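Asker: Protein sequences appear in the order of chains A and B.
Position one of the first sequence corresponds to residue 1 (this note's numbering), numbered consecutively onward.
Position one of the second sequence corresponds to residue 137 (this note's numbering), numbered consecutively onward.
Check the hints yourself; a few may be wrong.
What the hints assert, rightly or not - Okay, the calculated bits of chain B under chain A, using three or more residues with CB under 8 Å as the criterion: (1) 169-182; (2) 257-265; (3) 322-328.
Stated by the list, open to error - What follows is a list of derived Cβ distance ranges for each label pair: (4) A:G58 with B:P309: 16 to 24 Å; (5) A:S92 with B:I302: 40 to 48 Å; (6) B:C341 with A:L29: 25 to 33 Å; (7) B:N296 with A:T66: 22 to 30 Å; (8) A:L29 with B:Q259: 37 to 45 Å; (9) B:C341 with A:Q65: 28 to 36 Å; (10) A:S26 with B:P309: 48 to 56 Å.
Said to hold, decoys possible - Chain A side only, calculated, beta carbon under 8 Å to chain B, not exhaustive: (11) A13; (12) L18; (13) V22; (14) I24; (15) I27; (16) L29; (17) I31; (18) D49; (19) A50; (20) A61; (21) Y75; (22) D77; (23) A81.
Hints in this document: simulated from the structure, not taken from any laboratory.
Remember, predicted model here, so these are calculated numbers, not experimental data.
In this text, a Cβ means the ideal position worked out from N, Cα and C, and glycines have one as well.
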Amino acid sequence: LFLKKGVIFTLDAVIALLAASVIILSIYLLIGNLSDISDGRDLQQIGQDALTVLEKDGSLAYAIQTKSNVTVTTYLDELPAQYCARIQLLDSNQDIQFSAVSGGCGNADRLAVSRRIFISERKTYMAEIETWIKEN
Amino acid sequence: MKTVSSINIPSKQGQIFTVDAAIAVITFIVIIIASIGVWEYVVEKTYLNEVRNDLAAISRNAAAVLVETPGIPANWTSVSQSNFNSTVTSLGLTASSSINGQDSTLGSSAGFMNSNVLVLDSQKIEFLENFQLENYQRYKELLGILGPGYEFNLKISLWNGSAYDIKSQIGHPPDISSVNVLQSTRLALLDGNWTRVQLQVWNRCEGVLCS
Chain A
1 LFLKKGVIFT LDAVIALLAA SVIILSIYLL IGNLSDISDG RDLQQIGQDA
51 LTVLEKDGSL AYAIQTKSNV TVTTYLDELP AQYCARIQLL DSNQDIQFSA
101 VSGGCGNADR LAVSRRIFIS ERKTYMAEIE TWIKEN
Chain B
137 MKTVSSINIP SKQGQIFTVD AAIAVITFIV IIIASIGVWE YVVEKTYLNE
187 VRNDLAAISR NAAAVLVETP GIPANWTSVS QSNFNSTVTS LGLTASSSIN
237 GQDSTLGSSA GFMNSNVLVL DSQKIEFLEN FQLENYQRYK ELLGILGPGY
287 EFNLKISLWN GSAYDIKSQI GHPPDISSVN VLQSTRLALL DGNWTRVQLQ
337 VWNRCEGVLC S
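Bound conformation, chain A alone:
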């Protein structure tokens, strides 16, 4: 037996340093990546607002009647700059009657979907809007 009582081992210190580095790095990464959780909620809200406005000013009913997507597309194009949106109007058989999308938008990375029921010429339709953040 060969005793070394009281000796401080360098290896212990190195392991401690490594462990501390890992913990510190983890904290930096975790704190640094705290993101704004409101993004999804804002997307949903913008979509709901857009459908409400377009239904209340008669644009959705007008689009169904005339099959023209000019007004709705104009509205989608003028959403706040960071937002993109696509609207579909479906009849009671879930057949797409109308579709419009805002210009200059790529594919969606993360979508929020909102729906609203409305009536045009005594028929029930469902408006569905998908909203997403425009990629830079």
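Could you slot chain B onto chain A? The hints should help.
Answerer: Frame of chain A; chain B shown alone:
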């Protein structure tokens, strides 16, 4: 027969190697200094994040109250300026609803009763704008913008056929003393026109934020 205790063991009890000790002490000091740095970083980052989350929540909720409710009382524009602070308990910009044929003058901020969500009343917007100098602090209280150094700026823009023009601006726009600016954008109708309501809630540089 020999017992274990009688074995001759070369003992080095109490020895400390100087190099090992120096390395360990240096390592310990490095860890302590790094820990203090991380702690300060975490505290500052968490505080800033809390402030931002607070501003975001206030901005979102205040914008919702403005575009989804008529306020309490619903006809608050008819309240005299001298009674404004004591009478008006909620600010809302939507047109007053008619419920079963009766005007809801006593307020209908509950969503079920208000069919004018996102349909704004131009008189209410004009009132807010015309009396903002006298009532700015009260507006802040009614909208729940109560944090230290918190301010707001409300912009209402109307669609003119090709772009959105600013119709009204109420409050204080962010200036060079602003630290965080959080904005909620809501879409609405005003006199049948597409309208964009942008509420910025921001905070001035105060206390730890300025250091």
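Asker: Now tell me if each hint is right for this structure.
Answerer: These are the hints, each one checked on the structure:
Residues of the stretch 169-182 of chain B lying with their CB closer than 8 Å to a CB of chain A number 7, which satisfies the three-residue condition for coverage. Residues of the stretch 257-265 of chain B lying with their CB closer than 8 Å to a CB of chain A number 0, which falls below the three-residue condition for coverage. Check on the stretch 322-328 of chain B: 5 of its residues sit with their Cβ under 8 Å from a Cβ of chain A, so the three-residue criterion for coverage holds. Checked against the given bound of 16 to 24 Å, the beta carbons of G58 of chain A and P309 of chain B, roughly 35 Å apart, lie outside it.
Between S92 of chain A and I302 of chain B, the C-beta spacing of about 42 Å keeps the proposed range 40 to 48 Å intact. Checking the proposed 25 to 33 Å range against C341 of chain B and L29 of chain A shows it holds: the Cβ atoms sit about 28 Å from each other. As the Cβ distance of N296 of chain B to T66 of chain A is approximately 23 Å, the hint placing it in 22 to 30 Å holds. Between L29 of chain A and Q259 of chain B the beta carbon distance is about 52 Å. The supplied range of 37 to 45 Å is therefore violated.
Taking the beta carbon of each, C341 of chain B and Q65 of chain A are about 55 Å apart, not inside 28 to 36 Å as hinted. Taking 48 to 56 Å as the suggested C-beta distance range, the pair S26 of chain A and P309 of chain B does not conform, at roughly 40 Å. For A13 of chain A, the interface hint holds, the least distance from its beta-carbon to any beta-carbon of chain B being 4 Å, beneath 8 Å. Taken as an interface hint, L18 of chain A does not check out: its beta carbon lies about 10 Å from the nearest beta carbon of chain B, beyond 8 Å.
Contact between V22 of chain A and chain B, as hinted, is not supported at the beta carbon level, the nearest pair being about 12 Å apart and thus beyond 8 Å. Look at I24 of chain A: its Cβ gets to within about 5 Å of chain B, closer than 8 Å, so that hint holds up. With a least beta-carbon distance of about 6 Å to chain B, the hint placing I27 of chain A at the interface is held under the 8 Å criterion. Below 8 Å, beta-carbon pairs count as interface contacts, and L29 of chain A has none with chain B, the closest being about 12 Å; its hint is therefore violated.
With a cut of 8 Å, the hint placing I31 of chain A at the interface with chain B holds, because the nearest CB-to-CB distance is about 5 Å. Taking 8 Å as the C-beta cut-off, the interface hint given for D49 of chain A holds, the closest approach to chain B being about 4 Å. With a least beta-carbon distance of about 6 Å to chain B, the hint placing A50 of chain A at the interface is held under the 8 Å criterion. Annotation: interface hint on A61 of chain A violated; nearest CB of chain B at approximately 15 Å, more than 8 Å.
Because the smallest distance between the Cβ of Y75 of chain A and any Cβ of chain B comes to about 7 Å, under 8 Å, the interface hint for this residue holds. Interface restraint check for D77 of chain A: the shortest CB-CB distance to chain B comes to about 11 Å, outside 8 Å, so the restraint is violated. A cut of 8 Å between beta carbons decides the hint on A81 of chain A: the least distance to chain B is about 10 Å, and the hint is violated.
Taken one by one, the earlier hints fail for this structure at numbers 2, 4, 8, 9, 10, 12, 13, 16, 20, 22 and 23, listed in ascending order.
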